[in-house]
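Top to bottom, those sequences are chains A and B.
Following our numbering, the numbering of the first sequence begins with 1233 at its first residue and continues without gaps.
Following our numbering, the numbering of the second sequence begins with 5 at its first residue and continues without gaps.
Hints listed in this document are in silico derivations from the structure and should not be mistaken for laboratory results.
Beta carbons: idealized from backbone N, C-alpha and C, even for Gly.
Hints may be right or wrong, so weigh each one.
Reference listing, derived: stretches of chain A covered by chain B, where coverage requires no fewer than 3 residues with Cβ under 8 Å from a Cβ of chain B [to be verified]:
no., segment
1, 1320 to 1333
2, 1396 to 1406
3, 1458 to 1467
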Amino acid sequence: MPNCLVCYKWTLDEQDIKIKSEDLSLDSSRAKGKISDFDRNAIEEAALLVEKLGGAVAALSYGTAAVKQSLKDVLSRGPEKSYWVADASAEQADATVTATVLAAAIRKIGPFDLILLGEGSSDLFNQQTAPRLAALLGLPCLSFVNKLEVEGDVVKATRKLDDSVEVVTVKTPVVISVLSEINKPRIPSLKQVLSAAKKPNQELTVADLGLTPEDLAPKAVRKSVKGFVMQRKNIIFKETAAAANVAKLKESLASLGLS
Amino acid sequence: MAGIFIFSEDRALAAQLLTPALELKAALGEPLTVLALDAAQATELSTLGADKVLVVGDSATWIEGLGEPLAALVAHASVVLVGGTLRGKHLAADVAARLKTGMTTDAKAVRIAGGKLVATRILYAGLAVCDEELPLPAVVTIRARTFLAPTTTTAAAPIEQAVAKADARVTVESVTPTSTAGVDITAASRLIAVGRGFRAKDDLKLAEDLGKVLGAELACTRGIAEDEHWLPIERYIGISGQTVKPELYLAVGLSGQVQHMVGCRESKTIVAINNDERSPIFEAADYGIVGDLYEVLPLLTAALRK
Ligand SMILES: Cc1cc2nc3c(=O)[nH]c(=O)nc-3n(C[C@H](O)[C@H](O)[C@H](O)COP(=O)(O)OP(=O)(O)OC[C@H]3O[C@@H](n4cnc5c(N)ncnc54)[C@H](O)[C@@H]3O)c2cc1C
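For reference, chain A alone in the conformation it holds in the complex:
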């Protein structure tokens, strides 16, 4: 019966982020928070495993003060308990800092048999946290998993890579990053949402975890974040007669040597 931990990130929903046309800066004032997409798959996978095999699932997140908004959501998706580290450093954290904080928290609240994460977060998409966390904890790491089977202490994972599908086995404890195809995250039922409010959550402070300001200072510092704007011709043919539009497009393609 696996004792599982899922690590997740509370991110801004990128759908609501707008690019300001004056200076291409990002306006996220309207953006709501969400559990990062692929982490939802990790939570679901842990929940499915425990529904099938027994065991337990806890959740862990490191974020700014906003991370508290995620507790009800995450607890309605299966985990029985959530741990959270809220610190202003998360705003500028890179994967080095995130993995350091998560590793310190896991040393305190662990050990776990399976530690699951999404392959990358929907904002930074560094795809670094799982392998880094494994290296810091001295555990093996199986990344980019789209099928997971657990039998006793043996984990069999199917990994989808650029040009191949690979099946690997490993003994627990192990760190696993999952792809979005691994499952379809549940939409929590009203009952699950209501029961989430009664589940325990525990704050871990960076001081509790013995982290120094140095541990919390990013190595990769993000500078000059700018909205990406495409420079395109935007010549759109929209007459009612499709044939007329087609004729114009044919002409344009010909002028580019593309017909």
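Given chain A's structure and the hints, the job is docking chain B with the ligand onto it.
For chain B with the ligand alone, coordinates are given in the frame of chain A:
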């Protein structure tokens, strides 16, 4: 031993990494070492400007398990460039953690400024671009086709053995290649990308017919491959799929969400066919037709055939 190191198990990508690596070598005045997966790769890469080649494994090595020995080999490096395959990204993050250093994922450009490495990359699935500044040593992954391989050859660099042992805790049961039968769409100079505007698999024939006339291969959005299974997985474009830079990207019945566009927005010319004038694809297009693909495609195929 300061220095610049490169590694990729993907041969073409390893050669491409030498282009930014040689620029970093010039900027830092430090030697450039290639970590080659096997002897064949070592020979191939030895004449592209490196000062030394170290053979770290063989073709059977589980790349992701090389973190510990590679971190030891690059312990005094200034910059480590790793090919941004999924295996490569896993390995690079592991090495970066062991070196206790920063890493940029999928850099589009790298340079040295003020004694730091500055790497350009995307955020929010392509909505934004940013520069990340990293102290040295820095680890960077770079995806295929971000750079062209060097074209000038040099005298062969010495090749040495440094065989590394992969993490034995993980057992590889099987590896099944996925794209043996399929064409490499990343190499195609013209692509027709299809999206959910198509109502049935058979309707893709409309795009295939146009493809024959244009000499274009079919590509698609994620849903067409992952959910509908109408086209093979390796044909979907986007943040979680392929990145392409063809001469022509003809987007038909797809909405142009950023997660998709980030995989094709460096295409030379983008053309869109969509029946919704407000679809974001038109903002991303050089040319577009507002219309029903079921009407427009046959007409376009016929017109171009003439
Ligand atoms: C974390 C994450 C990662 C993702 N990664 C990827 C990725 O790598 N690649 C990817 O493609 N997507 C990805 N997506 C999904 C992406 O956000 C979009 O949902 C997807 O690309 C939309 O696919 P589509 O354009 O085929 O469908 P839709 O958005 O449904 O667009 C269909 C379009 O067809 C048009 N249309 C309908 N009927 C007709 C007609 N008869 N004639 C002409 N036009 C018609 C409609 O106007 C519409 O614009 C990702 C999403 C997330 C959250």
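Taking the hints in turn, this is what the structure says about them:
1. Counting residues of the segment 1320 to 1333 of chain A whose CB falls under 8 Å from any CB of chain B gives 4; the rule of at least 3 is met.
2. Taking a C-beta to C-beta cut-off of 8 Å, the segment 1396 to 1406 of chain A contributes 8 residues in contact with chain B, enough for the three needed, and the coverage statement holds.
3. Counting residues of the segment 1458 to 1467 of chain A whose beta carbon lies closer than 8 Å to any beta carbon of chain B gives 8, which reaches the threshold of three, so the coverage claim holds.
Against the hints set out earlier in the document, no violation occurs for any number.
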